[in-house]
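Chain by chain, the residues run as shown.
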Amino acid sequence: MSSQTVDRARSRSAAERLGDALTGVNAIAYCLVLPAILLRLAFTLVPALQTFWLSFTDKSLMAPGRFIGLANYVAMLSDKTLIGSFGFTLFYTVTSVALETALGLAIAMLLMRQLRARWISNFIMLLPWVMAPLLAATVWKIMFYEDGGILNQILRDLGLISSPIRWLSSANTARGSVVLVTVWKNVSWVALIFMAALAALPKDVYEAAEVDGANAWQRFRAITVPMLRPTIFLVLMFRGMGEVQTFEQIGGLTRGGPGTATQNLAYYAYQRFFQELRYGYGSAINVLLLLLTALIGGFFAWRMYKASSR
Amino acid sequence: MAARTLSPLHPQRILLMALLLLVLLFLAFPVYFMLVTSLKSSGEAYRLPATLWPHNPTLQAYPFVIKAWSYWRTLGNTVLVAGLAAFGATMLGGIAAYGFSRMAFTGKSLLYATVVGSMAIPAMVTLGPIFLAYKDLRLLDTHLGLILVFMAEGIPVAFLTLFSYFKAIPKELDEAAAIDGGSLLDIFFRIIVPIALPGVAVTFLLLFIAGWNEFLFAFTLTITPSTRLLTVRLFEIPIRADANTIPYDLIAAGGMLILLPLVPILLRVQKQLVEGILAGAVKE
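Chains A and B, in that order, are what the protein sequence lines are. If you're matching positions, the first sequence starts at 1 in my numbering and goes up one per residue. If you're matching positions, the second sequence starts at 1 in my numbering and goes up one per residue.
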């Protein structure tokens with residue numbers, strides 16, 4: 001057979017395969033699955049590609065936008081506020097995700113032991129979960145009021161502090177306060193996921209370990225954590241992708257302040273795009289946010305896949 | 001677990017109970033404080049130091065906020081947008097999940113990865129281009145525009161949640177119906193949906209709650225008060241004409257007015273909601 005014939009045979013089969021793909025079972029399946037997927041892509045992939053394109057232009061409300069290559073990205077390198085908000089985004093994401101995971105696992109293990117009145121604890125757990133992030137921020141902002149606000153009042157009555165905590169007006173405490181609200185809002189979801197995973201663990205392994213004389217901490221280290229690995233990575237993936245793009249808590253609690261102490265990437269990008277109307281520069285920051293989110297999601301999805309296929 | 005065999009007064013058991021109560025207090029206190037603040041008189045709400053319970057409980061903050069926010073109209077907008085979007089996403093995502101759970105087709109795993117992968121695109125990244133496109137398409141400040149965005153936001157959740165419910169339904173059921181000559185959509189609506197109805201209902205509720213709470217798109221894509229949704233109102237603090245202090249009682253009452261309509265859902269279908277949350281996140 002000459003090479004031409006082989007090529008033709010190949011191209012014909014490729015065409016046939018394309019034909020197959022558009023007829024019969026495939027055609028019916030595409031009719032079912034494509035409407036959802038196309039709508040989803042129209043509102044995620046398409047705008048994300050536009051964001052990429054805008055990030056290479058100087059488009060603004062006034063300017064129609066010319067291609068300016070990497071100029072926006074070069075400008076980002078010398079934008080001190082941006083570098084600060086990148087740093088805060090990393091700090092905020094790492095701290096809140098770590099706290100949510102550790103606390104969520106602890107709460108799940110505590111609640112697993114409680115057998116009576118489950119509906120009350122479930123109801124209380126679901127309250128923060130069901131509240132809008134902006135609503136959570138609003139509620140906490142009332143409690144954070146500094147001179148005579150309820151939190152400082154309680155802490156003083158308990159003798160824990162002598163002077164009021166500057167919840168939102170000092171840079172370091174404000175960073176911590178934003179993390180606190182996020183952890184409060186999201187720890188329930190983490191605890192629910194861990195409770196389901198804990199309930200699915202085989203009981204006989206624990207019994208065997210107990211017979212062998214392993215104490216509670218040893219059982220936790222040697223059995224619970226290794227067997228929960230896929231769930232832990234799942235939690236880190238979802239919460240990591242969620243916290244890295246936080247907007248409402250920042251807007252509702254501090255608006256990025258004091259100064260720019262709690263400015264994060266999403267809030268900074270929003271201000272550049274919608275307040276300064278610098279579409280190009282705002283989009284370049286959004287590209288950074290997109291890459292960071294995809295990196296977190298991809299990394300933990302990969303670890304989860306490896307942990308669960310072992 | 002060891003704790004179950006301990007006597008009720010064992011120190012370890014008491015310690016664990018105390019910890020549990022502490023956790024529940026941490027989770028519940030902000031909501032409690034919002035409730036009591038909303039029941040305070042305007043004078044007590046900003047009296048310092050703050051009080052732990054209302055000394056003269058009153059509902060006077062509520063009518064004020066209801067009027068200032070045009071609450072009933074805003075509530076109607078929210079129910080309409082969140083409801084239609086949740087319905088649309090449940091339908092589209094459900095039909096797609098049905099296709100994925102029942103059929104083998106070219107590019108299946110690629111399309112699956114596309115849906116899941118699209119979850120890694122932050123809302124903030126899509127917001128700008130959607131805003132600019134909506135301006136050109138005259139979808140800005142319309143409920144249709146919001147419904148479309150909320151639907152697209154909800155599709156991965158609907159898809160993953162319903163996929164895990166549908167996979168649990170034996171294929172023999174719909175194969176039997178196919179032999180009787182039903183079309184695929186026919187089988188979906190007459191056989192699969194009724195069997196998976198709890199799952200479908202929970203998916204709808206999860207998406208409804210998500211739409212109810214959405215802020216970023218609802219804030220950016222609406223302009224006039226008459227199209228705005230409930231969470232966006234939180235950014236507009238109602239102000240009393242005669243006072244220049246922050247009206248904590250009004251803010252808290254506003255918060256309660258956003259939270260309260262969801263409480264019956266939490267009480268009535270709590271177990272199913274938890275199952276739905278798990279079905280969407282934990283595959284297999």
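Worth flagging that the hints you see were computed from the coordinates, not collected in a lab. Please read these numbers as outputs of a predicted model, since none were measured by experiment. Hints are not guaranteed to be accurate.
For the chain B half of the interface with chain A, some residues (derived, Cβ under 10 Å), not all of them [what the hints assert, rightly or not]:
| id | residue |
| --- | --- |
| 1 | Val31 |
| 2 | Val149 |
| 3 | Pro170 |
| 4 | Ala252 |
| 5 | Val274 |
| 6 | Ala281 |
Virtual Cβ for every residue (Gly too), placed ideally from N, Cα, C.
We went through each hint and held it up to the structure:
no.: 1; hint: Val31; in the structure: holds (5 Å)
no.: 2; hint: Val149; in the structure: holds (6 Å)
no.: 3; hint: Pro170; in the structure: violated (19 Å)
no.: 4; hint: Ala252; in the structure: holds (6 Å)
no.: 5; hint: Val274; in the structure: holds (6 Å)
no.: 6; hint: Ala281; in the structure: holds (6 Å)
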